[in-house]
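One rule links them: number in the working numbering = place in the sequence shown (from 1) + 220.
One or more hints might be untrue.
In silico lysine-lysine, DSS-like type, Cα no more than 30 Å apart, as pairs [claimed, not checked]: (1) Lys584 with Lys607; (2) Lys564 with Lys607; (3) Lys367 with Lys480; (4) Lys377 with Lys627; (5) Lys584 with Lys323; (6) Lys607 with Lys573; (7) Lys323 with Lys627.
Don't read these hints as lab results, they were simulated from the structure.
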Amino acid sequence: MSKRTAEELNGAAPLKGGERPDAMDIDEKPSEMGEFEDEFEDEYESEDEIIEAGVDGRPDAEREAEEAAAMEVDGATGPGTFILGRTKLDPGQTLAPDTTTYKMLHNLSTPWPCLSFDIVCDSLGDNRSVYPATMYTVAGTQADSAKANDNSIMVMKLSGLSKMDGGGDESSDDEDDDEDTDPILESKSIPLTSSTNRIRAHQTPSQDASRAPITLTATMTESSQVYIHDITPHLASFDTPGSIITPQQNKPLCTIRAHKTEGYGVDWSPLHPAGKLLTGDNDGKIFVTTRTDGGGFVTDDRPFLGHTGSIEEIQWSPSEASVFSSASSDGTIRVWDVRSKSRKPVISMQVSKYDVNVMSWSRKTTHLLASGADDGEWAVWDLRQWKPSGTSAAGKPTPIASFDYHKEQITSIEWHPTDDSIVAVAAGDNTVTLWDLAVELDDEESKDTAGVQDIPPQLLFVHYQNQAKELHWHPQIPGTLVATGEEFSVFRTISV
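Could you build all of it, start to finish, from the sequences and the hints given here?
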């Protein structure tokens with residue numbers, strides 16, 4: 221499985237079995253750069269000499285010729301060209317981020333790694349640009365198999381997320397925008413006895429407009445069971461001093477036992493406020509669970525069948541309440557209608573020769589679907605070009621864009637929530653990449669960026685994330701990404 225586990229991580233010992241701190245560690249702010257003294261101040265003799273000497277005391281032509289020679293590449297990369305995610309580090313070498321390329325960057329570790337998480341919307345407002353930032357998330361842990369009872373759902377509040385020195389939105393006039401604070405992580409845990417493969421959150425509006433929405437989570441575990449919890453009291457406790465979460469509030473509202481094997485496909489419908497959930501397993505079966513008017517949950521025991529491999533991803537259509545899509549290890553993406561009595565897909569498309577691990581349906585332009593496969597290639601598809609199953613059209617469709625920059629499996633992909641040209645991708649090469657599909661160049665230029673071959677010009681940014689597994693854009697803090705892997709990373713780049 222592409223999303224599987226800390227047991228794949230570097231070295232003979234699994235990461236999830238490694239030692240972890242009892243308490244969560246928040247990154248320290250980078251030290252400030254001191255001022256440099258100009259030892260050559262006021263020693264220029266004339267403007268003519270400045271121009272002749274150039275910036276380093278040599279004629280410009282000589283310096284430029286040397287720089288051009290250094291930029292020459294041999295083959296794909298060439299000596300001296302470091303490409304994050306491809307170039308191997310020498311023993312003892314480590315990577316440090318260039319903090320001038322970030323508006324915000326914070327890393328935090330948890331007692332056990334988390335393969336999956338989701339961002340919880342809050343009442344702090346949309347389009348926030350004020351720092352320090354605050355956000356809420358929910359994640360599922362993957363403890364060592366010998367310590368399965370250590371697993372939990374972690375409901376988290378992250379606050380004090382300050383911008384980088386010199387970063388952030390300079391146009392903001394808010395006094396708090398320049399406040400320098402230490403990041404704070406608060407968490408509430410819901411005990412589990414199995415590792416989490418995938419977790420998704422859903423909010424149902426409260427009947428009382430003055431009250432916070434009900435926040436539900438669906439957690440698909442290695443045990444094959446799916447747990448639905450109400451984490452509303454856990455979220456409220458962060459801002460209610462002295463509140464205590466009772467054992468009853470930690471119990472699931474519902475346990476779905478329809479699956480006989482574990483799986484990774486989980487998604488709540490954005491168009492069913494009360495709650496409508498899809499879950500898919502390694503047997504290729506997809507079940508739908510609906511919340512009733514009385515607040516209970518009913519799972520239809522008739523599965524949707526059609527895939528010949530495991531279900532890797534499920535997503536509801538953002539615009540059609542009865543339509544969803546699924547991606548599978550059989551290399552196909554299939555589109556379904558829950559009203560179909562046959563429980564068969566309406567459209568089936570072979571989009572890869574390899575496992576299709578992840579996909580993302582654009583919320584902004586709903587006929588666009590992005591997918592990522594096990595061979596490292598990701599692509600964008602126009603669903604208007606896909607023909608229903610049983611028609612004369614057959615074979616693999618043509619993507620409107622595809623990229624094979626990553627050389628390891630794609631583990632997560634997501635469209636920007638408000639810009640249909642921006643896509644974020646996580647991969648097994650320890651990177652999170654940002655892409656701008658609005659960049660268009662001719663074929664000769666398209667694989668040669670800044671003198672380095674095979675670097676598409678659509679590639680905006682490369683962020684190092686060890687064992688990157690899943691990422692999400694924050695829908696209320698523009699340009700902000702959260703990614704999980706060996707640890708969590710919260711960041712915003714100067715590119716988006």
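Hint by hint, here is what the structure shows:
1. Lys584 with Lys607: Distance ~22 Å between Lys584 and Lys607 Cα, so the pair holds.
2. Lys564 with Lys607: Satisfied, since the Cα-Cα distance of roughly 15 Å is no more than 30 Å.
3. Lys367 with Lys480: holds (23 Å)
4. Lys377 with Lys627: Since the Cα atoms of Lys377 and Lys627 sit roughly 35 Å apart, the hinted pair is violated (cutoff 30 Å).
5. Lys584 with Lys323: Holds: Lys584 and Lys323 sit about 25 Å apart, inside 30 Å.
6. Lys607 with Lys573: OK: Lys607 and Lys573 at ~20 Å, within 30 Å.
7. Lys323 with Lys627: holds (28 Å)
Violated hint for the displayed structure: number 4, the only one.
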